Amino acid sequence: MARHLITSAIPYINGIKHLGNLVGSQLPADLYARYLRQRGHEVLFLCATDEHGTPAELAAAKAGKPVAEYCAEMHDVQAEIADGFGLSFDHFGRSSSPQNHALTQAFAGRLNALDLIREVTEEQVYSHTDGRFLPDRYIEGTCPNCGFESARGDQCDNCTKQLDPTDLIAPHSTISGATDLEVRETKHLYLRQSVMKDQIEEWIDTRQGWPILTTSIAKKWLTDGDGLQDRGITRDLDWGIPVKNGDQDWPGMEGKVFYVWFDAPIEYIACAQEWQDVGKGADWERWWRTDKGADDVTYTQFMGKDNVPFHTLSFPATILGSQQPWKLVDYIKSFNYLNYDGGQFSTSRGRGVFMDQALEILPADVWRWWLLSHAPESSDAEFTWQAFQTDVNKDLADVLGNFVSRITKFCRSKFSEAVPDGSYGPAEKALIADLTGKVAQYQAHMDAIEVRKSAAALRAIWVAGNEYLQAEAPWSTIKEDPEKAAAQVRLGLNLIRLYGILSAPFIPTMSRTMLDAMQTDDAWPDDVATALETLKPGDAFTVPDNLFSKINDDQREDWAGRFAGTRD
RNA sequence: GGCGCGGUAGCUCAGUUGGUUAGAGCGAACGACUCAUAAUCGUUAGGUCGGGAGUUCAAAUCUCCCCCACGCCA
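Numbering-wise, the first sequence is residues 394 to 961 according to the numbering used here.
In short, the hints are calculated from the structure, not lab data.
Keep in mind the model is a prediction, meaning the values are calculated, not measured.
Mixed in with the good hints there might be a few duds.
Claimed, not checked - Straight-line distance between alpha carbons at most 27 Å, and here's what the computed DSSO-like set of lysine-lysine pairs gives: (1) 929 / 802; (2) 698 / 846; (3) 580 / 590; (4) 590 / 613; (5) 822 / 846; (6) 929 / 807; (7) 831 / 787; (8) 822 / 872; (9) 943 / 787; (10) 698 / 613; (11) 846 / 410; (12) 685 / 673; (13) 410 / 698; (14) 590 / 612; (15) 929 / 872; (16) 929 / 877; (17) 590 / 698; (18) 872 / 802; (19) 455 / 410; (20) 929 / 822; (21) 929 / 846; (22) 698 / 807; (23) 802 / 943; (24) 822 / 802; (25) 787 / 802; (26) 877 / 802; (27) 612 / 698; (28) 831 / 846; (29) 637 / 590; (30) 787 / 846; (31) 872 / 807; (32) 458 / 410; (33) 929 / 831; (34) 877 / 822; (35) 637 / 580; (36) 877 / 831; (37) 807 / 822; (38) 943 / 410.
Using the sequences and the accompanying hints, generate a full structural model.
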């Protein structure tokens, strides 16, 4: 038994995430957490909402609510949806928690004491009407280069010229349209990542077997141009963690908050404190401090590729820079994007299926199965309704669901709703040998967090049951040799149990249904032969309703139209 | 413009350190079966591995050039 700390990239607070976000971090993290728990390992699986920053303030304003209230509500909404998808977080925290405030301030103080923070005076655009400094992308104006009227403060989308907000002709705020903008001097703190370049690079070089996607992104940021750059860790905003030097005030930084990229990953740690403080666990430092018991912890992070730089460079810079014995990540599993029907999912245009909508139209397990079996591991993946329909109908209804159905109904009609008696012969032994190999493959892929391959291996295990039944044909056997047929059915019922156990990380609800119907436990099959003897002659079972109803063409067309764009 | 991940059967994808007739699933055609959600099982068809040049006894796999798609950055 080992100890595994697992975190999923924390989703931003301003709205409900789409399926591409889900499959890029939370869902595969849940798959892995569930699997490790089933194998008997001690797991702490954490996630949270990322709540600070300008987008949260603007979303709250649009909703007409104070930002703290808005975030609290949206956190509960996201928590409920996560629960609906069966995401088995040990705790779903909030980056705005008191624990994260204190910890983020403590890290800043520590880094400052070690001379890894410097103050920089820079010019930023202030909007009187909005009453705030405007990030570059919230300023638009006419491009001085090409005359394009909607050039943004950081770049002109028309001629692609790199811009400063002060270059724009007739600049205005995209929040309010205000033109009463003014350039002001403001002071910010920068984390001196540049002096830590070698240390971080050295650390990354010690990481073995990371996905190419992960290391190539990290290396690029380390070596491109002038190498790793210092990065601002503060902003002129109201909503965030107040800048403090540990628990002391930071002269000159009054009214400023930490930049969201700095406090968000620290929430991974603070989340464990929250987990303890709400009474779900104890001794959180045992998971995070290598001097307090975390040296035997394996820490795995899941995230989309856009988050890789923060997890390979920024967060490690924070931790390494502190020179404190915090647990560093052991393995980063990163994902590419899921595209929607030939284009991108778009939150702003409401293109694609969002998590709440997905649960409205189909059970979570259906989404879990399809998304995980098509996880964008090696390259971007593509969601189409046509593929989704044929894939889940085939895999979940025809291969798995129908297997359960045909066995249980056959047994009920020819024997009873109890496991019949009969001993296994050569064909059964051969199947057990075959499955022993297939289960070993499945485990190997799950251990390696090869999501698609795991799904394929699991499916092959399901198929093996249908192959066996088709070859042995108990419906024929029963006419000449009822005892042999009884053995075949007994094996079939035990296969349902086996499938229920093995499938649980992917489709926990259907697995539960299968195991409940077989009225059995969910012990992992360390030995397949033994596992397939678990249901004994005479053990009662029930015939479950069909596990999954197929998606028909009308539904598919209806949904394809409904989710093509413009949500709400 | 620079960089990165890719470009393998109609579709979605596997193909470790270069080595026997390039694989899987879906879809298609045909056949078997009839317990089951008209489900299942089997067989077959389908690819000049984006294009070109090179290295090698041997390249989807290495090198160079080009094309395409996506993404990141300046």
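Checked hints:
no.	hint	in the structure
1	929 / 802	holds, 18 Å
2	698 / 846	holds, 20 Å
3	580 / 590	holds, 24 Å
4	590 / 613	holds, 12 Å
5	822 / 846	holds, 26 Å
6	929 / 807	holds, 18 Å
7	831 / 787	holds, 20 Å
8	822 / 872	holds, 22 Å
9	943 / 787	holds, 9 Å
10	698 / 613	holds, 13 Å
11	846 / 410	holds, 26 Å
12	685 / 673	holds, 19 Å
13	410 / 698	holds, 16 Å
14	590 / 612	holds, 11 Å
15	929 / 872	holds, 23 Å
16	929 / 877	holds, 15 Å
17	590 / 698	holds, 21 Å
18	872 / 802	holds, 17 Å
19	455 / 410	holds, 18 Å
20	929 / 822	holds, 17 Å
21	929 / 846	violated, 33 Å
22	698 / 807	violated, 54 Å
23	802 / 943	holds, 19 Å
24	822 / 802	holds, 24 Å
25	787 / 802	holds, 20 Å
26	877 / 802	holds, 18 Å
27	612 / 698	holds, 14 Å
28	831 / 846	holds, 12 Å
29	637 / 590	holds, 26 Å
30	787 / 846	holds, 18 Å
31	872 / 807	holds, 11 Å
32	458 / 410	holds, 20 Å
33	929 / 831	holds, 24 Å
34	877 / 822	holds, 14 Å
35	637 / 580	holds, 14 Å
36	877 / 831	holds, 25 Å
37	807 / 822	holds, 24 Å
38	943 / 410	holds, 26 Å
Figure legend: structure checked against the earlier numbered hints; hints not met, in rising order: 21 and 22.
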